[in-house]
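There are 2 protein chains.
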Amino acid sequence: MKSKSIFYIIYNIMKNNFKNKFYNEISVKLKNDLYKINIGYMLLKNNIINFKIKKKNNLLIITNKIILNLYKDYINNFIKKKNIKYKIFIIKDGESYKNIKTVNKIINYLLSNNYDKNTILISLGGGVIGDITGFTASIYHRGIKFIQIPTTLLSQVDASIGGKTGVNHKIGKNMIGTFYQPIIILTDIFFLKTLSKKELKSGLVEVIKYGIIFDKKFFNWIEDNINDLININKKKILYCVNRCCEIKSFFIKNDEKENNIRSLLNLGHTYGHAIESYTKYKNWSHGESVASGIIMSCFTSEQLNIFKKKYTKRIIKLFKLLDLNIKGPDNMNATDYIKYMKIDKKATLNKINLIIPIRIGKAIIMNNVSENIIIKSINKAKKL
Amino acid sequence: MKSKSIFYIIYNIMKNNFKNKFYNEISVKLKNDLYKINIGYMLLKNNIINFKIKKKNNLLIITNKIILNLYKDYINNFIKKKNIKYKIFIIKDGESYKNIKTVNKIINYLLSNNYDKNTILISLGGGVIGDITGFTASIYHRGIKFIQIPTTLLSQVDASIGGKTGVNHKIGKNMIGTFYQPIIILTDIFFLKTLSKKELKSGLVEVIKYGIIFDKKFFNWIEDNINDLININKKKILYCVNRCCEIKSFFIKNDEKENNIRSLLNLGHTYGHAIESYTKYKNWSHGESVASGIIMSCFTSEQLNIFKKKYTKRIIKLFKLLDLNIKGPDNMNATDYIKYMKIDKKATLNKINLIIPIRIGKAIIMNNVSENIIIKSINKAKKL
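These protein sequence lines map, in sequence, to chains F and W. Position 231 (the first sequence) corresponds to 231 in full-length UniProt numbering; numbering is contiguous. Position 142 (the second sequence) corresponds to 142 in full-length UniProt numbering; numbering is contiguous.
Simulated from the structure, these hints should not be mistaken for lab results. On a predicted model such as this, the values are computed, not experimentally measured, just so you know. Just so you know, even glycine gets a beta-carbon here, dropped at the ideal spot from N, CA and C. Warning: the hint list may mix true and false statements.
Once the Cα atoms are required to be at most 20 angstroms apart in a straight line, the calculated SDA-like pairs of lysine to any residue come out as [said to hold, decoys possible]: (1) Lys257(F) / Lys31(W); (2) Lys31(F) / Tyr180(W); (3) Lys105(F) / Thr102(W); (4) Lys31(F) / Ile84(W).
Derived coverage of chain F by chain W (criterion: at least 3 residues anywhere in the stretch with Cβ under 8 angstroms from a Cβ of chain W; other residues may be distant) [as the list claims (entries may be wrong)]: (5) 103-113; (6) 136-145; (7) 171-180.
Sequences and hints are given; from them, build the entire structure.
Below you can see the structure in the form of C-alpha cells.
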C-alpha cells in the first residue's frame, strides 16, 4: 500500500471540505471503467448529480415492495426531472431470493417486453437487489448498463462499490457472478431514516471492518461516535459513509479483480459465509454473521501470536454495543464451519485461506491456516 | 478498416509460409487479453502447443457422448503429456440444450466436487459446447479460465474465436451471455474427419460469409475449391480454416465488444436467428438458417439498389452446391420473421438493423430497414 500516505494527504484536505457540506463525489478509476460515487443527503431531490440518460435508454428499476412503498414519489420526482420513461420490476425481499431463479424472472420480463441492449437497469435497494441487478445487467445481451442506488447502510458503504455481482447457490454464497461495474452510484443517506435498527447495525459491522483492516484513526472515531451512528446523526453518518466509500474505492482501484489486497475486505467473511450458508441465508443477517466471523478471525490471529488480546476486546465491546450475537449459531459446530469454509471462493486445493487482523488498522492474507486453529477459534467464540 | 492494407501485406507473407507446413499460430491481442489460436493437423498428438498448466489447476472437460467416444484416447494422450489430472463432464448434444439449465448442471457439479477458482474448464466440441462452457467459466466464482478445443468446422472458423459466450432463451438466441475470452484455442482439423456432411456444410456457410463481407479473393478461391472443401482435402481445409481465423481475429481485435465493425460478422444472422428461434433450435441447423439469411440479406441489398444480382446468383450457386435449403422454413411467413427480428440483439427501439453486402468482399450495417423491404426479401427467397 505504497500510496497510503498520499491518499491520507488528499483525504485530509477533502475531509475538511466535506465537513461543511452535504455532498461529495468520489471517482472510481479502473482499467476499463470510470464512474462516480455521488454521496449526499437528499441527493436525488436536489438533483445535483451530473449524469445524462439518452432517449434511447429504456429504464427498468429493480426494487422490492417495501422500498417502493416508502420512496415511490421520491424516485418518481427524481427521474421525472431527467424527462425519461421508466418501469419498475418488483422482486422479493431477502438473501434467500438472491438466486438464479430471480435473475431468470427479470430476464423473462426484459425479453417479453422487448428491452434492447440500450436498456439501463437501476438497482434501488440493498446489497441483495444490487447484486442481482448487477449480475442480470452483466449477462443480458452480453452486458447492458446499470446504476446503483443503494438504500441500506451496508450497501452504501460496501456492496454497491466495486462491481462484484452475483447470486447464491445452495452450496455456497455468491458462487455464481461476475465483475461488472455500474455507470454511477447514487448514495443518498436520506434512505437510511427508514432502515430498521437491525439493518443499520448490520451495516455498521462493515464500517467497523474498514477501521480494523485499514484505518486506525477511523476505528478510534467509530468508538467515540458509535451512539451517534446508531441514532443516524446526519453529519456523522455522512462522514462515516464517505470515509468507507473512500477506503473501499482505494482497494478497488488497486486490485479490481481481487487478486491481492482487495481480499482484505473479506475480513470475517469466510467464517461469516459459512454461517450464512449453514443457516440458508435466513435468521442470520450478513452483518451479524460477519461480526461473528471477525471475532473468530481475531481469535485465529491471537492463536498465531499476532493479534493482541486488548484489540479483540475493543472490537468485541463495539459489537456488544450494537447488540450483536458474535458467537455464531448455537447449533452449528466447528465441523459444520470447516465444511463450508473449504468451498469458500478464497479456498484453494481444499485449503482454507483467511484474512486476519495483525493490529487495529492492518490485516493480512494468511494462506493454509490449520484446521486445528480454526476449530479452536470457533469454539472460543462460542464460549463468549 | 484503415489497417486492411497492412493486414493484407502481413497476410500474404504469412500465407506463403503457411502453405508448406501444417501448423500456424495466430495471436489475438485485445485490450485486456492476449491469447493464441493454434491451428494444425493432429495438433494435439504432435504436442507442439506451447502452454503450461499448473498443478493447482483442476481441469474439467465439458463435452458430449459422441465426441468422447470418438476421441477419448486422443484427448487422454494429449493431457497425459502435460502430466495433470482431469475429469470429464458430459452434456447433452444440440442447440436445444444450450440453456441456463445445462449451465446450472455444470455449476452444481463443480460446487459439489469442490472445484475452486483455479479450475480450468476445457470446451471439447462444437459451438454449443463452447458457448455453454465459456459462459459457465465467466460466471463461476466470478470468472475462471477456460480453453477452447473446437471440433466442428463451424466452431473452428467462427464460434470459438472472440469470446462471445452464452445460452439461448425461449424468446431469443444468445440473449443471456457475456464477453469472455479463452486463454488459448486449439484448432485441430483432425477432428473434422468424423464430422457429418451436414455439419461440414453448415460450417462452410460461415466460411463463405467471410468471403462476402471481407475478402473477394478468398471468395473466388472458395468457388474454385468448394469440392475439395466438401471432401475435406487436408491442405485445402487447413488453408481455409486458417484464413477464416485470421479474418475473424482481425474483426475481434478492432472491435471486441461489437460496437461497430464486428457486427458485420452477423451477415445473414438476423434473418437466420429468427429461423432458429421460430423452429425452436430443432431441424434447422445454424448454418442452413444463416445461408437462408444471407440470401435474404442479398435480396434486401438488391432492393436498395446496392447489391448486383450477379453476385447473389454466385452466392446462391455456392449454397446449392452444398445442398442447402435457402428458402427458410415453408411454414414460416414474413410476419413470423419480423416478430423475432425485432427482438434481435442488434435491434434498437423495435427497429430492425441489418448487415447487408454491398459487393463481394464488403458489407455494411444498414439501420432501420423498412419492414416492407424485409418482407419482400423473405418472400423472394421463399420463391427460389
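Each hint tested on the structure:
| no. | hint | in the structure |
| --- | --- | --- |
| 1 | Lys257(F) / Lys31(W) | holds, 16 angstroms |
| 2 | Lys31(F) / Tyr180(W) | holds, 16 angstroms |
| 3 | Lys105(F) / Thr102(W) | holds, 17 angstroms |
| 4 | Lys31(F) / Ile84(W) | violated, 34 angstroms |
| 5 | 103-113 | holds (count 5) |
| 6 | 136-145 | holds (count 6) |
| 7 | 171-180 | holds (count 8) |
Checked against the numbered hints above, the structure breaks only hint 4 and satisfies the rest.
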